[in-house]
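Q: Modelling step: build the complete structure from the supplied sequences, incorporating the hints.
Which chain is which? The protein sequence lines are A and B, in order. Take 1 as the starting number for the first sequence in the working numbering and just add one per residue. Take 1001 as the starting number for the second sequence in the working numbering and just add one per residue.
Take the hints with a grain of salt, since some may be wrong.
[Unchecked claim] Between beta-carbon pairs, the in silico distance windows are: (1) B:ASN1136 <-> A:PRO807: 47 to 57 Å; (2) A:LYS743 <-> B:ARG1089: 47 to 57 Å; (3) B:LEU1129 <-> A:ASP911: 44 to 54 Å.
Read the hints as simulated data drawn from the structure, not as lab findings. Virtual Cβ for every residue (Gly too), placed ideally from N, Cα, C.
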Amino acid sequence: MDRRTFLKLSGSCAISISAGCNSEPAKHLFSMVRAPQDMVAGQPTWYATTCRECPAGCGMLAKIREGRVIKVEGNPLHAINRGRLCMRGQATLQGIYNPDRIKTALLKHNGKFKPISYARALSLLAQRSRQAADRGPDRVYVLTESVGEFVHAHFSKTLAALNSTRLMVFEPFAYEALKTANRQIFGLDGLCAYRMQTADLIVSLGADFLETWLSPVEYARKFKAMHAARGNAKTGRFFHIGPYRSLTAANADRWLACRPGAEAFVAMGLIRQALNAGAGGALGPAAQQTLRELTAGYRLEKVAAVSGISTDILQHLSQVMLASRRPLFLGTPSAACGPNALQANIGANLLQRILDPELQRIDFNGRHRVETAHRRSEIYSFCRQLAADPQGVLLLHNANLRHCLPPQNGIARALAEKTLFTVSFSNFMDATTRHADLVLPVRLPLESWGEYGGKAGLVSTLQPAMPALTGAPHLVDVLAALIPDVRPGGRYARHSLYTHLKHTGVLRNRLQWTQTLQKGGIFQKFAAEDRPPLPELAEGPHMDALRAMVPPQAGGLSLIAAPSIRVFDGRGANRPWLSEIPDPLTKVAWQTPVQVHPATLAQRGLAQGSVVRVQSEKGVLETPAYASHGTIPDVLIMEIGQGHAGFGRYAQKESVNPFHLFPARTDARSGGPAFYTPLTTIKDSGQRADIVHTDGSRTQHGRQIALAVPVSDLVEGKRPPAPGLTMETFPLTLPLPAGYDKKRDFYPAHPHSRYRWSMIVDLDRCIGCGACAAACYAENNLAVVGKARMLEGREMSWMRIERYLDPEHPERVIFLPMLCQHCDNAPCEPVCPVYAPHHSKEGINNQIYNRCIGTRFCSQNCPYKVRRFNWFDWQRPDPLPLQLNPDVTVRAKGVMEKCSFCVQRIKDAHDRAKNAKRAVFDGEVTPACAQTCPTQALTFGNLMDPHSRVARLVHNPRAYQVMGYLNTKPAVIYLKKVIWEG
Amino acid sequence: MPQSAYSKIDRTILDTLKPAGRSYWIGVGLLGLGVLVGAACWTYQLLVGIGVGGQNNPVGWGTYLINFVFWVGIAHSGTLISAILHLFRAGWRNPIARAAETMTVFAVCTAGLFPFIHLGRAWMVYFMLPVPNQRNLWPNFQSPLMFDVVAISTYLTVSVMFWYTGMLPDLAIIRDRAAGMRKKIFTVLSLGWTGAHEEWRHYSRAYLFFAALATPLVISVHSVVSWDFALGIAPGWHTTIFAPYFVAGAIHSGLAMVLTLLIPLRSMFKLKEIITLRVLENIAKTIIFTGLIVGFAYGTEFFIAWYSHNSVETTVFAWRATGHYSVEFWIMVICNTTIPLLFFFRKVRTHIIPLFVISVLINVGMWFERFVIIITSVARDFIPHAWGLYAPTLVEFGIMLGTFCLFFFAFALFVKHLPSVSMTEMKEVTAP
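A: Below you can see the structure in the form of structure tokens.
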């Protein structure tokens, strides 16, 4: 090589190296030089806000670390949820960090979306709406989900400026039948709240108040307040009447399975019994007389024949009801099914007025915000009008009509018209947004200023917990931009919220404003409104409705679309946690198969996993069948919420949307839809599909796992059998030196110093809702593995709810939260060759991830099978990793993991205690699961502190340990469920 | 016959070391290819994660551990034949001792691979070694897996030394007759053996001591392997019968593998006069005995499960016989306990073909025995909600193929390059 070539070569090398090797772009989340005021690296900051995952409006605290939200928890001050959240609330985070979130505005051009800037989208929207407004009145339409007064006022103001009044509030579950019944019987045009905690008997005609009904977290708490065992007594009873076993029905003392539409007949029968027993004096003689005449035909035998419930059980229910001093009657589910939904609600309300003349169980002031939603009949007529005259601008705010409504309602036609300029404010490409002309994503609730009082009489604020991730504008900014002379942007949203609260008389000064934001709202009751006068019941539309009751279909197939505790109406379907956590009752994850009674399947030569063709007048769907005892024969159940068109990678497309089988019809009296339709056939398609269910067995095979005790045994204080060594007689062996006995134990007890952490799980309080599991996913960076991996048995949940059916009565259910038992004599510890499972001096069974080499012996030897192995490096598409909790290691492939009792929270408490030179006090540490449990079924604490709650609860006669006879001495101690016999 | 019987032995055996034909090398090449397939599968598994196999929760151990126990079992008979039968002065073991020992060495090596393959983080395996480190972390000697490390490595060391010691005089014979490069290699390998009287005296002492040292290992190694399970608490594992049951099963499978290897060997290398039918018949008779022990163990397990009145225990055993893996269970029962009984018939045990077929069937049966033990117990253990099933994946089959090929590959190379029958020991039982 000559000198020149050498120089040429070295020159080009130097250039290519310097050009090719850019350093990584800076990825700092924050700058230590200019850190936000309240940010200390390593310290969380909490902001109070409001959950907007459903219309209930629970208070929420967002935990911020280094400038991003990593966890949400219930706001303990909030009047609705008192610090608890359901699994949908926990999954709020996966909305903001969703990898399929739309990051820019999109304009449709020749059928395809093209990204445009927010500014351009805004000016386009302003221009089009101005044009529409100029063309005449009512040319701009708003279709929104249920929103708070603040946003509602903004919508109205903008519409007014645009010469329009067409503001429609759409909620798929709008409680039309309940609203109508409330108006007719209580004289209240809306949705009252229920003082469930004061009742001693609840009779629900299907109301699924533990899942989606009105305000599930609130009612779950109130339900357990009346229903859970206290000391050695249990007074509350709960009867659930309905064609399928919802989670609520599974938590009832008795589930009375009836034909769809027969609930109203049961109500009539009960009214007759009550009147015959001399109740109902407060109604007045005329009303009593008419009711007596009306219900004369509803002898219990006849009701039994119509409904399919046995006369004995009805008789029993009637006796319990008449003996009850404080009964509460609830109406139909959120998705009212059956032909007599209105009548069932009227029946429930009538019973309330007959047996609770003062209506003490009814809270007329705390009205649920979802009452502002328009009736389905109004939505349909709006859609039809729009389809008939598709002119102007339609603004869609999280109203996914194409998913939540049966087809043939006109909206599809309207959206397809070019003359109607449709703008969607959604952050996700859902079925409706796909058909919009302009997608203008606005900030999600965790990034916004706002107000949403889930119940009347309280103010619940929203504030941005973190900077907007996508640069999207506030909804109120967008709306204000459509009004001439208003300059949004900057601090407009915050300021307008302040002005709104001030104008409505809630705030008096700026100090109060700051306090309100800090607390998340104003929760003390305003002056109680007067109760509306009770209507006279002798005659009226309710009587006409009751006279027009149709007998339920006997024989013939029908389908019920049931709301999902996991994804509500489908809005949660793109949150991977919600699909990964199995349904509480079917234990099916990711899918929503059609649930069919085993007898119905057997009749047709089908089995679980057969793909069936379900056909109604309106359409046909192919879906796998799930054999379920949670329904009556011939009634098929399908969960609402999957089968999306679009909506990102996590929404399940292969599952089907049951609404495709439904007609777009509403009840003439209530204007509500029926989430129920007769079917013409179900046929075998010849294919088979794998059902992703996480339960290996539906029953507990007579083992000492999830135990129950009858109320009478509890009251009598029946002693357990004499201690022995068998599964049935093994005594409670506490994970303390006291639990060791030379006769049983070879090794001495662990010397714990000051602390021995322990958890008490009250099965009588656990409703199986799965909020704990979701909280655990969020807190502990659990991986989502997806459908295929779950089929292989590789889910990573640290906390699972085991659901066991009674082998003799498969309709009876017991739930058992299963997590690492932190055994004192842990079988996992001695078998590891490298001491990766390690017994800490506070009794926690620590898993040392970087010591683990992956022999999996610990998992093989764990009798509770709570250890989870990282079979792969799990995927978290960007920006989901931003949600990861920096206090918890993200586990790499090849290591074992499991519940740590949220050891990071224990460490944190220790740090605080050490700084203050004191011991960690009882209640200072709460693991994520216990923190969110709506019914307070989980109690965590130090067993060595004799005054701690756990130390007191282990002396409860209901205390036992799962598979205690293995002498593992678990630190998770269960309290037996208390059941009513008969 | 001018030629002495001794030189005939030498010639017959040294003939096996003559340069091989094309078919041999094709066979070896195919086996080598199989090894590469296995290596590729393992590499893929290391890169992607152990999840490419079929293990899951609750069945955390799959074919890797099945094959581990299977090969450790195979490794047993070599030492049994060469050491225990040597101590008992059973002369019929002399023709087969070398092959059996070689089988032991290669089987232990193959078995030793599986714990590595099976690890979630194979690259961290050195955590199991008691290496001094600044954090004072020490392996957990309470863990049966640590027992395994100790037992298997001891067994490998002792059996390699035993094997090599026994081979020394033979290596010297080859050295004496070889030329060129080969001579140099065997000069080194034979460690300067001259055949002096003193050397013979030391040699036979050493061999006897090794035999005595190896004998307890035959019992201990598989007992230790059985404790991997017996010290666990899963139903069907936690039982005191496991150690003798595993040892009997190991010898059962080892003897069958000896038959599987020797029958082709003696016909391929014309060793019929040395490895006589009587030798094979004696192995077959021993198999009847071990088969009966194994059958008794199966029966005892079921009896104890029933006798315990423990529902967890009875469920597992009832499920083994009737549940999802009942086919595997009945393959195990029939191949291991029923079919060996055919050896009671003289005609069966003195015919090459039935001997070979039955030996292969026993190997299959013993593989499924390990399958049934390792899979079914955890698939149906304490918490019914967590029950699950397991099925091996293609990657696992690939690795399994690779390791089987590795064993036969090594064995094929051995028979062509080292004396597969001990000339020295043959001479001990032959009249000059």
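Q: Could you run down the list of hints and mark each one as holding or not?
A: Hints versus structure:
no. : hint                               : result
1   : B:ASN1136 <-> A:PRO807: 47 to 57 Å : 53 Å, holds
2   : A:LYS743 <-> B:ARG1089: 47 to 57 Å : 50 Å, holds
3   : B:LEU1129 <-> A:ASP911: 44 to 54 Å : 36 Å, violated
Consistency with the previously given hints fails for number 3 only.
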